[in-house]
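Q: This is what each chain is made of:
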Amino acid sequence: MDLKKPYNLNEPTSGEELPDKYRENPFRVPEGYFNDLPGRLMENEAIAGGKRSLLITLQGRHTWAIAAVIVILAGIFSVIFYQRQDKTETEPTFFTISLSDFEQAYPLESLDEYTLVNYFSTSAEVPDVSFNDVFWNIVQEDSSLDTSDIKQYLLQSNEIENLLLEL
Amino acid sequence: MHSEDREIITLIQFEGTRRTGFERLVKFYQEQVYWLVRRMVLDHDDANDLTQETFIKVWKNLPEFRGESSLFTWIYRIATNEALVFLRKKRIRAAFRLGSIVNDLSVSLNNDAFYRAEEAQDRFQKALLELPDKQRLIFHLKYFDAMTYEQISEITGTSTGALKASYHHAVKKIQKKISEV
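Order-wise, the sequence lines are chains A and B.
Mind the numbering: the first sequence is residues 1 to 167 in our numbering, read in order.
Mind the numbering: the second sequence is residues 1 to 181 in our numbering, read in order.
So here's chain A without its partners, still in its complex pose (with noise of 0.2 Å):
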């Protein structure tokens, strides 16, 4: 057989010249190879990834609304908070009620140092005992405070919103 002779292009090249016998497959797969494999290749993540990639595809084709949507849920949600939040911060801390709640039905001015001392000590609205503890000794160390030292020790003093809160 000689390789170097020129081919000829009108020579027959349809695999006659090799017998039939070598057509046949001498290699196997594994049993059920073809019938597992399309659901193996559906559940390959760059394929099963095109499920997820629907997703993205959608958020690209309307962006625009998915984005008017997202602006107007945190409109909602950012009202809300600082709705809840004003609600929060306006509501009175106990000291707060107490003072004014009582400023209002009562003006300090026109109290005397008994019924001022006594209210402080007595009053369910400030029933922390250590508080009245302490104010008794403000009262009792300096004999000499009136309403008005009292009255202004209250209002600026922070040991008082200091001690509540330690309470």
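Part of the chain B face toward chain A, derived, beta carbon under 8 Å:
#1 38
#2 55
#3 144
#4 174
Straight-line Cα separation of at most 30 Å, DSSO-like style, residue types lysine-lysine; simulated pairs:
#5 177/B <-> 21/A
#6 176/B <-> 134/B
#7 173/B <-> 21/A
#8 172/B <-> 21/A
#9 134/B <-> 21/A
#10 176/B <-> 21/A
#11 126/B <-> 21/A
#12 21/A <-> 164/B
#13 89/B <-> 27/B
A partial selection of chain A residues facing chain B, derived with a Cβ cut-off under 10 Å:
#14 27
#15 28
#16 46
Rather than coming from a laboratory, the hints here were simulated on the basis of the structure.
Fair warning: this is a prediction, and the values are worked out from it, not measured in the lab.
In this text, a Cβ means the ideal position worked out from N, Cα and C, and glycines have one as well.
We have chain A; now place chain B onto it with these hints.
A: Just chain B now, with coordinates in the frame of chain A:
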């Protein structure tokens, strides 16, 4: 165009039916793709990987498929590229080890639990391994898949004249190799 191809192309053109179309495409072409690749790379696991890679590439490029070539030609082109690239890498790896891809493939054939060939068939298979990768590919497409030179030309991008010459020489080399033993 094959009626199955027509239906698959219709399905894959629309996003909503693309997955269904692709599943049908896999079922319809899986065996042809697998056997083409398997004959080239011999090992089942390698063939399985390359078959899956082929279909993953098909899936990724489906939106760009415009039907300018037939579905069959397009898929075969991807599969043959996958196989040739794999063999090129294998050849380079073998060269680094100062080995030869022919030996590697021959060993792979001998150790393959899914390969059963009587003596003459085994000689024939080992003779095929002596062919350069692209010539072996052309031989497979012509001899086993009985494709026309025009179809092979579409897949490989080689002129029909060059294909005829390549196939002719492949047959002669195989005949010589078989007769040597």
